[in-house]
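Peer 1: Listed below are the residues making up each chain.
Number of protein chains: 2
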Amino acid sequence: MKPKISIICLGVSDLERSRLFYEALGLKTHDFDPAQNVVFFEMEGTWLELFSRSELAKDAGVTDIGDTTSGFRGVTMAHNEPTKEGVGRVMAEALAAGAKLIKQPEDVFWGGYSGYFADPNGHLWEVAYNPYTDLT
Amino acid sequence: MKPKISIICLGVSDLERSRLFYEALGLKTHDFDPAQNVVFFEMEGTWLELFSRSELAKDAGVTDIGDTTSGFRGVTMAHNEPTKEGVGRVMAEALAAGAKLIKQPEDVFWGGYSGYFADPNGHLWEVAYNPYTDLT
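Chain order of the listed sequences is A and B.
Going by our numbering, the first sequence opens with residue 62, and the numbers climb by one from there.
Going by our numbering, the second sequence opens with residue 62, and the numbers climb by one from there.
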């Protein structure tokens, strides 16, 4: 297996609301068609996909236990910024776009600086400055 | 916000078991240190991180509701292959490495071909052939 994650797909309850949220963060859709029940964002590296949570469960053939907006899912996405100021700026952008504040950015135990927000469906994003490894 | 997901972090219950699983799939760790409770895999594009699920919840400052190995989380990762045969090969590699079969690869409604497996902590991976958009 080539070391590549092609897409991360987030299950959502309201596709339009989620699309508008990520567009407000500046992400660009790929071949967007309002008649489709899926949205792709063209990203550097792994793409982001939004898809109906129930349809996503159906696609995988698993039971949707119905945890739609709360509860920890054991998965986070990180967006790294080259500076602490960048972390503050992206957190502010996300909150302005309607994200829920989960953790104010702060110096963290591993030597970086990070905060967390939740998207409209409770998916957790860490916004981080990492002085050791540049993944920006 | 630059359109980039730097890292996808999966919460795990047994870090060594999960690391060995992804190593068996051919992924390479970055600066691995057995004394640390975190593992990074250097990938094309977005990196993959494994971290204690409870520590990940603590890092975000959220409550871990304890859904450790089962239940749908509303998140899937996709690894795309350039051919249907590639999908079958990667599914076989994953099962040989200890993954749980979730869905046998099959032709799917959107015109592609895909299957699903779950990693040792129940994180869902789709292995897909997409004839329209090359994300391999």
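Do not rely on the hints blindly, as some may be mistaken.
Put simply, identical chains are the same to the list, so a pair is met inside one copy or across any two.
Stated by the list, open to error - Only pairs whose alpha carbons sit at most 27 Å apart, straight line, appear in this in silico DSSO-like list of lysine-lysine:
(1) 164 / 145
(2) 161 / 89
(3) 89 / 65
(4) 63 / 164
(5) 145 / 63
(6) 161 / 145
(7) 164 / 119
(8) 161 / 63
(9) 164 / 65
Just so you know, these hints were derived from the structure itself, not from any lab.
As the structure is a computational prediction, the values presented were derived from the model and not from experiment.
Peer 1: Against each hint, give a clear statement of whether it holds in the structure.
Peer 2: Against the structure, the hints:
no.	hint	in the structure
1	164 / 145	within (15 Å within a copy, 43 Å between copies)
2	161 / 89	within (22 Å within a copy, 35 Å between copies)
3	89 / 65	both (21 Å within a copy, 11 Å between copies)
4	63 / 164	between (34 Å within a copy, 21 Å between copies)
5	145 / 63	between (33 Å within a copy, 15 Å between copies)
6	161 / 145	within (20 Å within a copy, 40 Å between copies)
7	164 / 119	between (33 Å within a copy, 11 Å between copies)
8	161 / 63	between (35 Å within a copy, 20 Å between copies)
9	164 / 65	between (29 Å within a copy, 21 Å between copies)
The structure shown violates none of the earlier numbered hints.
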